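**Student:** Place chain B on chain A using the hints.
Number of protein chains: 2
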Amino acid sequence: MADKIYRVNMTDLSTSIEDVPADWMGHGGRGLTSTIVAAEVEPTCHPLGKNNKLVIAPGLLSGTTAANSGRISFGAKSPLTGTIKEANSGGTAAQMLAKLGCKAIIIEGMPEGDGWYNLHFTADGITINEETELIGKGNFAVVDAVAARLGDKHGIISIGQAGEMKMLAANLSIKDPDSHLRSGGRGGLGAVMGTKHIKFIAIDPTEAKVEIADKDAFLAANRVFTKALVDNPISQALGQYGTNVLVNIVNEAGGLPTRNFTSGQFDGHEEISGETMYDIIVEREGKPKHNCHKGCVIQCSQIYNDINKGYKTSGFEYESIWAMGADCCVDNLDQIAEADQLMDDIGIDTIETSVAMGVAMEGGVLEFGDGAEVCRILKDEVAAGSPLGRIIGCGAGSVGRAFGVTRVPVVKNQAIPAYDPRAIKGIGITYATSTQGADHTMGYTIATNLLGVGGSLDPLSKEGQVELSRNLQIATAAIDSTGMCLFIAFAALDDATCLPALVDMLNARFGIGLTADDVTNLGMSILKTEHEFNLAAGFTNKDDRLPEFFDEEPIAPHNVVWDISGEEIDTFWNF
Amino acid sequence: MADKIYRVNMTDLSTSIEDVPADWMGHGGRGLTSTIVAAEVEPTCHPLGKNNKLVIAPGLLSGTTAANSGRISFGAKSPLTGTIKEANSGGTAAQMLAKLGCKAIIIEGMPEGDGWYNLHFTADGITINEETELIGKGNFAVVDAVAARLGDKHGIISIGQAGEMKMLAANLSIKDPDSHLRSGGRGGLGAVMGTKHIKFIAIDPTEAKVEIADKDAFLAANRVFTKALVDNPISQALGQYGTNVLVNIVNEAGGLPTRNFTSGQFDGHEEISGETMYDIIVEREGKPKHNCHKGCVIQCSQIYNDINKGYKTSGFEYESIWAMGADCCVDNLDQIAEADQLMDDIGIDTIETSVAMGVAMEGGVLEFGDGAEVCRILKDEVAAGSPLGRIIGCGAGSVGRAFGVTRVPVVKNQAIPAYDPRAIKGIGITYATSTQGADHTMGYTIATNLLGVGGSLDPLSKEGQVELSRNLQIATAAIDSTGMCLFIAFAALDDATCLPALVDMLNARFGIGLTADDVTNLGMSILKTEHEFNLAAGFTNKDDRLPEFFDEEPIAPHNVVWDISGEEIDTFWNF
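These protein sequence lines are chains A and B, in that order. Here our numbering runs 7 ahead of the position in the first sequence, where the first position is 1. Here our numbering runs 7 ahead of the position in the second sequence, where the first position is 1.
Rather than coming from a laboratory, the hints here were simulated on the basis of the structure. Being a predicted model, the structure only gives us computed values, none of them experimental. Please note that the accuracy of each hint is not assured.
Any copy, or any two copies together, can satisfy a pair, since identical chains are not distinguished.
What the hints assert, rightly or not - Capping the alpha-carbon separation at 35 Å, the derived lysine-lysine pairs in DSBU-like fashion look like this:
hint: 1; residue 1: Lys-57; residue 2: Lys-469
hint: 2; residue 1: Lys-144; residue 2: Lys-386
hint: 3; residue 1: Lys-296; residue 2: Lys-160
hint: 4; residue 1: Lys-222; residue 2: Lys-11
hint: 5; residue 1: Lys-11; residue 2: Lys-57
Okay, chain A solo, but in the shape it has when bound:
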């Protein structure tokens, strides 16, 4: 049976199942969400108004046995940035939706009254049900309640209090195989789901399988692909230390933004490093390796236990640890883990919210290093929707405006993550030019600037950085469409067998004949679709700039400023 589009109209509370239009057929994941948003959402609409839509799409390979193919994409006009937005995540939802024949879910309109709803996705379609019990509750309460109502095998996409309150940093939470949470973190898409008054979407587990046009070819290609992943040394490091392996590496490179981006090195880096975290996890009988979706062979997630060996958090990422750690000068992993867990429960982006805390520290709202106060603010202010909680819950730009702080590390109002662009120039190009505001995952130049993957390029020189970022952004747009985790990129860049195997899997899945060039063209076309949406929304090249302070304030230890001119940045779009 061909995949279908599932449309949910929250204005009249109706649902429908539609055939996939021909020109959406070759798309999945980000390519599909961006194509649908560009086709159906007016670029100048209010992102929290009834004319915005939330689009959910598994990737092209999701639901198959392809390694690491369990990513799900969410798309909308972002309330945080005003740009088009795609956020993707692991968890079980992508695979279940794909197996149930779902090409995409399009949620549109907005209920008139104050009532809240949940959606239930079954083999027969989507039902809309009133929801009262869980309103005002966090994401973990949703997971527990759905388990009690439907069993613990269901997929869940949910929002916490932040999404209900339409905070601009609200994220979407996606249940993982162990009932922990992953996040479609950035750009405030949880607020869009909040405007639709949908607390959660439950997805029936299924024994169905996605159709594979050529099963033997698929299995053969997947074998090659999987081997490339597991043999890759970066994959192996990610499996051992998680993404937090990066703290020491980025600190050593002088690109670990510290104390609200006033230094590139953090004295407390050892206390929050991946190596330290590994030791704590082992000592407390957590799990250093954990997969966020079935079929992941990298397993960068982990289970971090508290001092009593009880579960504290999982999916404890470098960028979150950096943000609460170095950027806020908190050198206590347990406090950071506590904050991480709170943010997951409230349903708010750990990067945006923690960078916002750093700006608030600069603004005198709390002291640098006061992790206990961060946790109190999250619990008592953000979750409760107090005025301070709303300022912080609307992100770093919001805090800067409210407290008159000018050192505000945002591009297109989205917080800059974990890698200082003065010391790692390539990532600065990604932050500036990304169609979605500052986002390291859009074109992860750290691979080549610091990790020697895909060649190596001096992070301190501006030479070649635009081209590096462009190539990676194009490749990323394509990878984000397959349902693959971005971490396949390390193998794809360095192992000649990896990318051809991925293309072979796509061809075997659909019975088509894509070449590597087709995949590159797909990436380019997605970027252009997204860029055109932004231009129509009123963005210009003036928005493709880093904040002024990067040009003016040299950062230690290299004492470098951001020195790539606007004209040089603008060459990014020459393709």
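**Tutor:** Relative to the frame of chain A, chain B by itself:
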């Protein structure tokens, strides 16, 4: 002695006196502030950063005996809108600065430390002095303290707590001849002075006179000009009821935005009308007529006393009364006067702040109609800089973002004042296209749409509105350069002797030979300078739009929506 430019560098605490460059010579007031900002401020700079500048300029005729010529202009990149900005005001500063030979003051840079300063403008130049006593105090305390230190004849330009805290709606206060306050209200220029750590500027009174090239011609022209003003029926109505004469007129026209822009008529309009206010003022022995600067023959200001016949507020304008009254559903003039006085003391724009309160009411922060709570919030939250106070003090857009409200009446993040664009289409064109965000004073089509001044044009039809707004915006830019109060426009539009007399005064003052066409060309050139600054800052025609809800929500009693398309709006710039 030729006028000079006075430059104040707050980074190194130095001052200098410079000759006026040739191409600034023909400019004054807004024309000069916009020319200097365009020449010296990088359009993409952070408006609260050290690269923004605050420019202060009396008008071309300020300091002369020309009737109504006492306006002073303030220019900068606006922290509220991100556009170029000019705000002008009455009070005594313009005339004193002009008599002291000041063409403009340019304040640039930013002190490193936490110290605060005041500036003292004397016949010998400007001194920079440390200020401690008044930090954290309101504007009225500044007026009292300067009187105690220097005597009560000094001109004063000051900021209250809002400007110190860099709230985006902070204004500049200007002392009037009776030591009451006028405001350079819109666009947050008080926050720019706050970034420079200048609490106030005191200006020495002087017996000096501005030079007049042809005194007889000047006197003759001023006689004709003054007669045109005093004979004009609108001038007379303004003198009797103040600008608040408009409440009943705009309510009758169905264009009085009520309950956060959900209706065009307010049940309580009689309670807050100019006629009611007049009766209260007379009964309490206030002054229905009062001039904000020497030489004003219209006298639209007034002294509004409290129930015990003690002074409560002055310069109690229609737009402020509308905003706290109809828009917030407060039908109690005393509560509105209390709020007006508080906002003047805190130094925050009454329009922006009151519209922000209306959005907060819609967001559930307080109840519609609760004027007492509005006053409490102003005192306990805004003046104190609490998180809620900062959200509100950063304007209507800020409140919308924090509380997830989508009915937010702003253009370029500045609150729409007092006239609903659905029912009065011409003003909608002004709001959309103004170089400075929504601002009725930029092209006051109400004159022709409602008051029959300069002809008459059906406010409900879209025909001719772009042209009307364009002509008025061009004329306004020129008038704002002369130091004239905008209220000369009523006479200028309907009395054939008025505008030629104004041109004659300019010629007699400077010994030049301008024609009426030259004045029109000046207005056009100012608008284009401002527009180019905005384009360079990243604005596009997509920013020249009203919020989505005006297109979608019909307003009573006419049940009309905003129906002028983007393409039609964009023809505004065809000149």
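**Student:** With reference to the structure, classify each hint as holding or not holding.
**Tutor:** Tested hints:
1. Taking the shortest alpha-carbon separations for Lys-57 and Lys-469, only the inter-copy value of 27 Å comes in at or below 35 Å, while the best intra-copy value is 43 Å.
2. For the identical chains of this complex, Lys-144 and Lys-386 are neighbours both inside a copy (12 Å) and across copies (34 Å), given an alpha-carbon limit of 35 Å.
3. Proximity of Lys-296 to Lys-160 under the C-alpha cut-off of 35 Å is restricted to the intra-copy arrangement: shortest distance 21 Å within a copy versus 76 Å between copies.
4. Taking identical chains as interchangeable, the C-alpha atoms of Lys-222 and Lys-11 lie at most 35 Å apart only when both belong to the same chain, with a minimum of 22 Å there against 84 Å between chains.
5. When the C-alpha separation of Lys-11 and Lys-57 is checked against a cutoff of 35 Å, the pair qualifies only within one copy, where the shortest distance is 24 Å, while the shortest distance between copies is 55 Å.
This entry satisfies every hint, going by the numbered hints stated previously.
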